[in-house]
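Visitor: One letter stands for each residue in the lines below.
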Amino acid sequence: MNSPSFRFSALAVANVALTGLFFGLLQWSAFFLLQSFFASTALVWLLASSVWLLGSLAGLALPGQRVAEPWWLFGAVLGYYALLWSALRFPYDLGKLPWLLAAIAVMGLYAGRFFRFRRAALGSAKWLFFVENTGFVAGLVLTVAGLFWFGEGPLILAPAGAGALCLLTLPRGKTAAT
Amino acid sequence: MSGRDSTALPSDARPAAPGTETSAARALVILALAGANLTLIQFVAMREFASLLGSNELVALLVAAGYFLGLSAGYLFSDRLSRRALTALGVATLLLHVTLPFSARWFVGVLVAGGSGPLVPPFVFLLTFAGITPFYAVFLPRLVAASSASDGATPLVRCYAAELAGGALGLGLVLVVTPGRMALLLALHLAGLLALLLIFLRARPVAWLLFVLPAAYFAAWPALDRASLASYFAQVHRLRAPVVLASEFSPYQRVDLLRVDTARGPAPYLYLNGNLLYGTRSLHQHNLMVSLLPRLTAGAVHTDAPLHTLVVAGGSLDCARYLAPLPGRLHVVEIDATVTRLTRTLIQEPGGGFPTNWELTIDDGKHFLGAWAGEPFDVIAVDIPVPTHLQTALLHSERFFGLARARLRSGGVFSISLAGRLNARVPGDAAARGRLAQRIVAGLQTTFPHVAVVRGEFTDFAWASDRPLDPLLAAAPEALAKFLATDAAQARDFGAPRLRFLDEALVRRRAEGFAPIGEADMQLVLRMSWRKLARRFHADDE
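Chains A and B supply the protein sequences, listed in that same order.
Numbered continuously in our numbering, the first sequence closes out at residue 216.
Numbered continuously in our numbering, the second sequence closes out at residue 781.
A couple of the hints might just be wrong.
Unchecked claim - Partial chain A-side listing against chain B, Cβ under 8 Å, derived:
| hint | residue |
| --- | --- |
| 1 | Ser94 |
| 2 | Leu95 |
| 3 | Pro129 |
| 4 | Gly189 |
Said to hold, decoys possible - Partial chain B-side listing against chain A, Cβ under 7 Å, derived:
| hint | residue |
| --- | --- |
| 5 | Leu300 |
| 6 | Leu315 |
| 7 | Asp318 |
| 8 | Pro380 |
| 9 | Ala384 |
| 10 | Leu410 |
| 11 | Leu414 |
| 12 | Val445 |
| 13 | Ala446 |
| 14 | Leu449 |
| 15 | Pro490 |
| 16 | Asp603 |
| 17 | Gly609 |
| 18 | Met761 |
| 19 | Gln762 |
| 20 | Leu765 |
Hints are computed from structural coordinates only; laboratory data are not their basis.
Predicted model only: the values in this text are computed from it and were never measured.
We treat Cβ as the ideally placed atom computed from N, Cα and C, and that holds for glycine.
Please build the complete structure, drawing on both the sequences and the hints.
Guide: Encoded structure:
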């Protein structure tokens, strides 16, 4: 078993933490959009949770790395904005639910894909899960804090901003996918 | 992690040594069980633990943060725990969960009764942070690391996939088991925890006899559940001799229906996730003023013409009892079927004469109105006393008001509680800036040309319409008096509120300078949540 190690760079740690934060923002913002613009029913919430989870599972299980990580990240951001667009364009129209769930599944895909790409990023699974999960909690708190201080503005800007930060800190070259 | 740990996965690269295939399967089963249990317990904790505090958005955040930070703690200490320490953590987690949720209810009651109410929120956070997730979280990095030492990085994918698959299974169980069956969910969780522990310890077959524990837990549930709830409500909510008539776990909340000794005699009290929604005189008056009076008054103005009425979130079904017999149609929309089932069978039907000529739709009010393409309504009432969740705050937003107006017939009336008094305040004053009543009225005024306020005994209510409201306001006192005179029980439940009104001009002045409630007004919700928490755990009154 790997001993606790700080061989990995600060940038790698920052990227994993930011990605956790990105997932937190993305998940909570997406669920908020569903509740606010479509329906707050338990069925919608359970279906959304299920497809996020299944998307993550699929992202993790898909073999190979022919499609580079930035594209998966871009797909997740695009999935969110497709959901936002649908929310504003078709409020309360649950006939669009299959498409909305597909958008959430695309976001979940990257949540799984990330761990396949970055499985050795911080030297051990312990640090990878710890940093990512703590980033996720920060994303959760930031979503609420953002809504507290700035109203709905963060729902429009924050996922793109966090996605851009993930992209900027993304490991390049050989270190990208060890 | 100890080198003697026997939970290592076999290598992908090398042929598995004899006996290690079992270990690999065992590790995947452990992770799947951990994933399933994490999902099950998250679902329960977000409702049960939150209801210890009286659920609101702030409490939900506290519990969610505790749950996920507990995961982080488990990851962090995953390689610091010896096998013996991990076993001790597992046994401690098991022993805690054998006593939950009863012990937590009793403990919170003891804290409040002993004058330590302010310790309740930290206790709930600590319980969620340390008592639920750390034990489950330890296994994923630990099993990945045990394999990675000889195996490269692939086990992370396999192990994490096993845990996610377990999570999906847990979600499926939640979907299938939830309605009304918290006991079964927690018994399943306990069985999963026990199985995980026994598999991890490579326990002898005789140890599997311990599975009598979840069965005994399930069997003891009804008595312990009612006793702990009765104690909790007596101590925390200061109720006299509460008797639990029903307590069910819906997909949204824990629904508790109690019989309580009051000055008016025994009365049914309805709690949703620890928040009182029905039973006191002020809540009866809320129902009267927000949904009954607008319809009674509209009937008087239109000389008993058939009217189409919609009550959003009317789960107590008082509206059905009193409005369904009136000419026209009544539509009640409630998101939680458990609430209407329990209030119907335990409050309304035992009272006798409960009407059946009304329509109930189980749906989210926003979605119902958004999708409604039928006959427009003459009256729309929103039966929510105070918005402490984003979902309920959305029913006070400018967008929802626009939706309601679009579904009202011309001359129809929209009614909503202001959750307080529309008092005169100085606009721009920092203390006044977040005032809920003013902001609700500001939203109504941007949507409806006419907004008036009806002052009840405990709180204010707004009526809004596209036509002047003077005829309605003039008819209201007589309509109310006539209603209260029909039955002595009605006068006893509702009291004899003396109506006062704020006319449209005064209402406009008092709401001037305030912003309507927006799409995601977390500031409003968190302030209301904080105020409610402070009132419950820092003062004697609820």
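Visitor: Next step is simple, just say for each hint if it's right about the structure.
Guide: Hints versus structure:
no. : hint   : verdict
1   : Ser94  : holds (6 Å)
2   : Leu95  : holds (5 Å)
3   : Pro129 : holds (6 Å)
4   : Gly189 : holds (5 Å)
5   : Leu300 : holds (6 Å)
6   : Leu315 : holds (5 Å)
7   : Asp318 : holds (6 Å)
8   : Pro380 : holds (4 Å)
9   : Ala384 : holds (4 Å)
10  : Leu410 : holds (6 Å)
11  : Leu414 : holds (6 Å)
12  : Val445 : violated (32 Å)
13  : Ala446 : violated (27 Å)
14  : Leu449 : violated (30 Å)
15  : Pro490 : holds (3 Å)
16  : Asp603 : holds (4 Å)
17  : Gly609 : holds (3 Å)
18  : Met761 : holds (3 Å)
19  : Gln762 : holds (5 Å)
20  : Leu765 : holds (6 Å)
Figure legend: structure checked against the earlier numbered hints; hints not met, in rising order: 12, 13, 14.
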